[in-house]
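**Student:** Here are the chains, one letter per residue:
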Amino acid sequence: MSTNAILYAIAVLGGLGIGFGLLLTLADKVFYVPVDERVVRVREAVAGANCGVCGYPGCDQFAEAVVRGEAPVTGCTPGGGASASALAEIMGLDNVDVEPTVARVRCQGGDGIAKDSFQYQGFKTCRHAMSLSGGPKLCPTACVGLGDCERVCQFDAIRMVNGLSVIDPDKCTACGACITECPNSLIKLLPRAATVTVRCMNTQAPKPANLSCDHACIGCKRCEKACEYDAIHVTNFLAEIDVEKCTLCEACVAVCPKQSITVSK
Amino acid sequence: MRLSEIGIFLFFVNAAFSNNFIFSRFLGNCPYLGVSNKLETATGMGVAVVFVMGIASLFCYLTYEYILVPLGLQYLNTIAFILIIAALVQFVEMFMKKSLQSLYSALGIYLPLITTNCAVLGVTILNMNSGFNLLESVLSGVFGAIGFLLAIVLMAGVRERLESSEIPKAFKGFPISLIIAGFMSVAFMGFSGLVK
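Protein sequence lines correspond, in order, to chains A and R. Start counting the first sequence at 1; every next residue gets the next number (this note's numbering). Start counting the second sequence at 1; every next residue gets the next number (this note's numbering).
Hints are computed from structural coordinates only; laboratory data are not their basis. Mixed in with the good hints, there may be bad ones.
Said to hold, decoys possible - Only some residues are given here: those of chain A computed to face chain R with a beta carbon under 10 Å:
1. G15
2. D28
3. Y32
4. C172
Claimed, not checked - Within a straight-line C-alpha distance of at most 27 Å, the following computed DSS-like cross-link-like pairs (lysine-lysine) qualify:
5. A:K188 / A:K171
6. A:K124 / R:K172
7. A:K124 / R:K98
8. A:K29 / R:K98
9. A:K188 / A:K258
In this text, a Cβ means the ideal position worked out from N, Cα and C, and glycines have one as well.
Excised from the complex, chain A in its bound form:
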């Protein structure tokens, strides 16, 4: 009897184990879903931390999006340049197309440059300051300077200098954390090569813009006329540079009466 009990136990557990094993093997064949082999290779080339920086729930979804052509091959920040070039190769793109980007602050309104509309003394976060009466600066889209972006940066690339957020392009990995954090959406991801940028997001009419900040774009269109390459246009009283057409000739920088357009590192 006792021998039988042992044998039964072995047989039942072994049977269940083998049964399920066979069932799963069979299921793997029956329910086999053909996967694009590029998805598998992309999945192997990315960092695989499931961190979500790319904006997808996990690395699997990111890999699928890359193969569908929806996500950029540079999307995996933790994987860095190595994964970007590996992905570019898998997707048959030239490495030249992998354009390194960097986050740039589109505001120059530090202390004394963008004028205050009231003395803010609440919690020291930009988001909270912006929730009161349109923010503590006269310009509704000025850098508040309380360092939300500095705190969210994992790479120590952002410093607050005279009440203005300054990004160190050498440390910036273009992860995009600060871009979503900034309550005024002042930080933009731009190609590293595009060094000439309009460092203003003010869309106020010329007169209030002129009063609210020393470096606000007033929409005078001098840059538009100065540009020989049709690369800069004023819409909503704000100049925007088309990075595809810009040749970095700096003609617009020279004519801007408010020094809104600058050359960054």
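With the hints as your guide, set chain R onto chain A.
**Tutor:** Chain R in isolation, oriented as in the chain A frame:
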């Protein structure tokens, strides 16, 4: 607490509220605290648990009643149930990947996590200890999982609010979550005498 004695409504109240897996049995606390950061993911996890607990109850009952009991091997229940749950979750995942793409992408990341959810093993063993029949086992699994869904969704709602409130630094993150879980458990004690 048999179905025939108390009727389906009280059976539901008993499984989902009075004996809530999280708040009075303290099972499945890992996903309850781990996946309750966002309402959306919490709902996904909860629905996946409802799904898995229902079919796990069914298959474990069948295995127990028709394989283990006739051979006098009831003592093997824990290890056999773990085997069944793990294989079942894997099988369901494969099946969904093929046939129910949308459901798979919604639950995808949570399904494998449920394999190690102790509430699933808990419900199968509790079913067996209570001497439930097939219908009672499956209902108790599904209703218990609905209780879990309720708990994790409530918790996610509270934690989303916590994100934007000023909390003393020492309590930020997990400490305040654990305190809230405690309060919710106390609140759910109000249901305890409901089903006699």
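**Student:** Which constraints among the numbered hints does this structure fail? Numbers only, ascending.
**Tutor:** 4, 7
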